[in-house]
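These protein sequence lines are chains A and L, in that order. Number 187 in the numbering used here belongs to position 187 of the first sequence; there are no gaps in the numbering. Number 66 in the numbering used here belongs to position 66 of the second sequence; there are no gaps in the numbering.
To be clear, the hints were calculated from the coordinates, so they are not data collected in a lab. From a predicted model like this one, the values you see are computed outputs, not experimental measurements. We treat Cβ as the ideally placed atom computed from N, Cα and C, and that holds for glycine. Careful, some of the hints might be misleading.
Quick look at which bits of chain L chain A covers, simulated, 3 or more residues with Cβ under 8 angstroms [to be verified]:
1) 109-118
2) 149-161
BS3-like, lysine-lysine: derived pairs with alpha carbons at most 30 angstroms apart [as the list claims (entries may be wrong)]:
3) L:K18 with L:K191
4) A:K48 with L:K218
5) L:K191 with L:K3
6) A:K105 with L:K51
7) L:K190 with L:K18
8) A:K105 with L:K24
9) L:K218 with A:K105
10) A:K105 with L:K3
11) L:K161 with A:K44
12) A:K105 with L:K93
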Amino acid sequence: MLYREALNRALDEVMAADSTVVTLGEDVGLYGGSFRVTEGLVEKYGEKRVIDTPIAELSIVGNAVGMAIGGLRPVAEIMTGNFALLAFDQIINHMAKLRYMSNGKITLPMVVRFPQGVSRQLAAQHSESYEQMLCSVPGLKVLSVNDVNYAYHALKHAILSDDPFVFIEHELLYNKKGEVDFEQDLDPFKARIVKEGSDITIVSYLKMVDDVMEAVPAIEKELGCSCEVIDLCSLNPIDYETLKSSIEKTSRLVMVEEDHKTGGYGTQIVSWAAEEIFYALDAPPLRLAGADTPVPYNRNLELAGIPTPQSIAQDVVAWGRKNDV
Amino acid sequence: MNKLLAEEIYYLMVLGRKFEYAAKENYMKGNISGFLHLDIGQEALSVAAMKAFSKGDVFATYREHVMAIARGIEPRTVMAELFGKEAGVSGGKGGSMHLFEPSRFFYGGDAIVGGHIPNAVGCAYARKYQGSEDGVMVIFGDGASNGGAFFESLNNAATQKLPLLFLCENNEYAIGTNIQRTAPFREQAKKAEPYMLTMSVDGTDAEAVYETISKARKMIEDGHGPLFVEAFTCRYEGHSVSDANSYRSAQEMAHCKAKDSLENCKKRLREKWMCSESEIESLEKKAQKTVDDAVAYAEAAAEPSLDALFEHVFVEEV
């Protein structure tokens, strides 16, 4: 099953089981979804439940908040995270705060989904990552999806939960293949150990998990070590327990992410490690992240601005040699 | 409209004004902090709109104390919220600008100008989807009608033919800037005309507001789709208590206060509904007693426990 098919299956199943679930966004209906995640749903559930909206992101999320107040379970799709910026007032000032400001009287069972990240030469206004901003907003649960099995289970969980979720996908992962274990009782807040190892813990999420996995054979060969690779899955809350037990075992931390280095999401993981498990570390943590520039159009420049399997291998090996790995 | 309702509206208006003056007094005393936006001068609109839209959902702005009370939320829990107390309608975590009571179908109390309008559109979508007979009313000021959220909402409500009443309280001031300096015309209903039927009403005339909103509500319940009502009113105080209102001349204020909604309403009680002076006095006394009780209750109420800081961020804590 493909990543986008797993998301589609999750939506389809919850919509079949619960008539309060609706999905809205640009081109989600008759067009079938910009990335085909909602394909076939309008034919099954009709235009009242699969709602084509204007290109007006503030309203897509703002209306979803009102639908949730009114007793529905809306799943809002934003075409890319970059466009979600137009809805940040609704995401931050309304979706994240109404429950708290009302002392728990308002409940917002809703999901805002969008893909983000560097795809292929889409230039600066279609290539950004915004998890670092959203994870600093209390009141939102933020999930990131690398894995096909996780895509299916996490989306179902997010839709059926009574809390507001931001559900981050990646534009280059929609055609990723994988198996779904439909019987599994998956905890979406638990980090996923993608590969076990004993010497370096490499933490990542979204597409970078795949790039890390591609880099690992070269790293292990060059350094003669074994890497443990962790997909964070839930970016807020963070599964510190899984990170802690892994780092206590390996005593080394590498954080790999696609967003910009300054103020990027990984600062949280590394500062946590420095505060909480400093003495478990045998080397300074390494952070590999995107350049502090907008994303350029030119392919060579674009790739030079983000970690790639080659750059990850090179940088981790250099760091490993310097730090006696 | 009947005598009983006219008396109730007058009572709630007097209560509203006394409540707001008591809030101002307690702000000066330091019992209330933050931003405090008073409704003094606009009570006819706030009260009559709530009484006319007695069923259905309401989304209001940060100038909502009187509306909340007219919706049936206990004045003492509103005052306790202004004091930041645990017994406040939002547990002391919302404050003056964030009063919520879903059991009275009252959803704030939103302090992002225009930000609540798309929420009302979504709620109206839910009501239509659920086959509910009731509609939704969203109240906003002339200041909100220059923003993108407003225009997007007109478009969406009209396209989807939603049961939504847009109520624009036009007091001509967006904080301290006159609407005619930021919009090409004074009447904001003109912006809604391409999308939906619009009506306008003298917002200082409680009975006129009541009749207009009742008519609009009935049309919405009958499946008419969205409507826009513009009510012209006058805000006697500054935008909030911390605004000295220095941008309006004495002459302008005198003109603005000449048609006082309370006086107007009282005159009608006497002349149209044949209320005696003692009947009117007893309504006023009852309002004063309610306000005194609200202040005493708020003063005596407990501070929230510090554990409340971490409560109600989520339904399911992980």
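Here is what the structure says about each hint:
1. For the region 109-118 of chain L, the proposed coverage by chain A is satisfied: 7 residues have a C-beta within less than 8 angstroms of a C-beta in that chain, meeting the threshold of three.
2. Closer than 8 angstroms: that is the beta-carbon criterion, and the region 149-161 of chain L has 6 residues meeting it against chain A, so the requirement of 3 holds.
3. Between K18 of chain L and K191 of chain L the CA atoms are separated by roughly 35 angstroms; this puts the pair beyond 30 angstroms, and the hint is violated.
4. With a CA separation close to 24 angstroms, the supplied pair K48 of chain A and K218 of chain L stays within the 30 angstroms bound.
5. For a cut-off of 30 angstroms, the pair hint linking K191 of chain L to K3 of chain L is broken: about 37 angstroms separates their Cα positions.
6. For the hint linking K105 of chain A to K51 of chain L, the alpha-carbon distance of about 23 angstroms falls within 30 angstroms, and the restraint holds.
7. Of the supplied pair hints, the one linking K190 of chain L and K18 of chain L is violated, its CA atoms being roughly 35 angstroms apart against a limit of 30 angstroms.
8. Under the criterion of a C-alpha separation no larger than 30 angstroms, the hint pairing K105 of chain A with K24 of chain L is consistent with the structure, at around 27 angstroms.
9. A distance of roughly 29 angstroms separates the Cα atoms of K218 of chain L and K105 of chain A; the hinted pair therefore holds under the 30 angstroms criterion.
10. Annotation: proposed proximity of K105 of chain A to K3 of chain L is violated, straight-line Cα distance about 36 angstroms (limit 30 angstroms).
11. At most 30 angstroms may separate the alpha-carbon atoms for a hinted pair to count; K161 of chain L and K44 of chain A meet this at roughly 23 angstroms.
12. Between K105 of chain A and K93 of chain L, the direct Cα distance comes to roughly 12 angstroms. Compliance with the 30 angstroms bound is thereby established for this hinted pair.
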